[in-house]
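K.L.:
Sequence:
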Amino acid sequence: MKEKFSEAWSKMLEKLASWFDAFILNLPNIMIAIVVFIITVIISRYISKGVSRLLEKTKLQASMRSLLSKIASITIVLLGLFLVLGILNLSKALNTVLAGAGVVGLAVGLALQGALANTYSGIVLSYIKHIKFGDWIESNGFEGEVIDLDLRSVTLRQPDNNLVFLPNKLVVENPIKNYSTTAQSRVILECGVGYESDLTFVRDLVKKTILEKFDSIENKDDIIFLYEEFGDSSINFETRFWIKSTSALEVAKAKTTAMIAVKKAFDENGVNIPFPIRTLDFPQKLKIVSENDSEV
1018 MKEKFSEAWS
1028 KMLEKLASWF
1038 DAFILNLPNI
1048 MIAIVVFIIT
1058 VIISRYISKG
1068 VSRLLEKTKL
1078 QASMRSLLSK
1088 IASITIVLLG
1098 LFLVLGILNL
1108 SKALNTVLAG
1118 AGVVGLAVGL
1128 ALQGALANTY
1138 SGIVLSYIKH
1148 IKFGDWIESN
1158 GFEGEVIDLD
1168 LRSVTLRQPD
1178 NNLVFLPNKL
1188 VVENPIKNYS
1198 TTAQSRVILE
1208 CGVGYESDLT
1218 FVRDLVKKTI
1228 LEKFDSIENK
1238 DDIIFLYEEF
1248 GDSSINFETR
1258 FWIKSTSALE
1268 VAKAKTTAMI
1278 AVKKAFDENG
1288 VNIPFPIRTL
1298 DFPQKLKIVS
1308 ENDSEV
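First residue of the sequence shown: 1018, per the numbering used here; consecutive thereafter.
No lab work stands behind these hints: they were computed from the structure.
No incorrect hints appear here.
Derived SDA-like pairs (lysine to any residue); straight-line CA-CA distance at most 20 Å: (1) K1149 - L1180; (2) K1225 - E1285; (3) K1230 - E1255; (4) K1225 - N1289; (5) K1270 - E1155; (6) K1230 - V1268; (7) K1225 - N1253; (8) K1237 - F1218; (9) K1087 - I1060; (10) K1280 - L1228.
Cβ-Cβ distance ranges computed for the label pairs, FRET-style: (11) E1285 - K1237: 16 to 24 Å; (12) T1217 - L1187: 43 to 51 Å; (13) E1285 - L1187: 44 to 52 Å; (14) D1238 - T1274: 15 to 23 Å; (15) K1087 - T1273: 37 to 45 Å; (16) K1225 - P1176: 28 to 36 Å; (17) K1261 - N1191: 24 to 32 Å; (18) D1232 - N1195: 22 to 30 Å.
Every value quoted in this text rests on a predicted model; they were computed, and no experiment measured them.
Glycine included, every Cβ here is placed at the ideal spot set by N, Cα and C.
Start from the sequences and build out the full structure, keeping to the hints where you can.
P.N.:
See below:
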């Protein structure tokens, strides 16, 4: 038993000695490989910055420029890695790794279908012009300003300053409403006045009030005033006008300003905004009985 143990020990020492000799013989190549890899990483950073600056002269979106610069950087690093393996005489190992990477890549691709779909969708979103940084969009029930677009998600800043991260796949597959595609946004204000009101006077008063409150409106004809229906307790109307803004938050602020101005104008001119009224009809012979069952 001792002889077998001694023989195994001696073989292990011989193997370690051979590895050490190989390490000493390949030490220059290892040093060169380390230097080459460091230089490759440094070059990849400069290449990334250079590609980004070069693409700034094109009409590509900022997200697409960022994506292309990252791809250029990764490509340089991979080329440097292949060069390092060649310096270390590991070309056979590289072929084995690449052969195995095909099988592993298939398995990983099946396991990460969702992540890969988001990555592909991120590339698509980076290329199309319908979404770009600073746009105010609505998608998948969320609304806000696009502040970031990467290979995983679209980041929106909502009116309350909270951030929403929408997976790229959902944004690509579902409808997108982009408020920033035009230079103006429409404000819709709904209200009602009492049945005793002079409808012509109310219409002119509302148009005049909005015209005086918003500098972006040039004349009364730009304001649309429509009576909608005879409601339960009021005659309801709708007012539409445009403001020079593509932000939904600015639209909400303009609507608030218009509501305050119209309410003040109604109060000053005696126009009533009625609240819901219910009329109760009692029979002619009504008896009210107190707690001690005596008629009142």
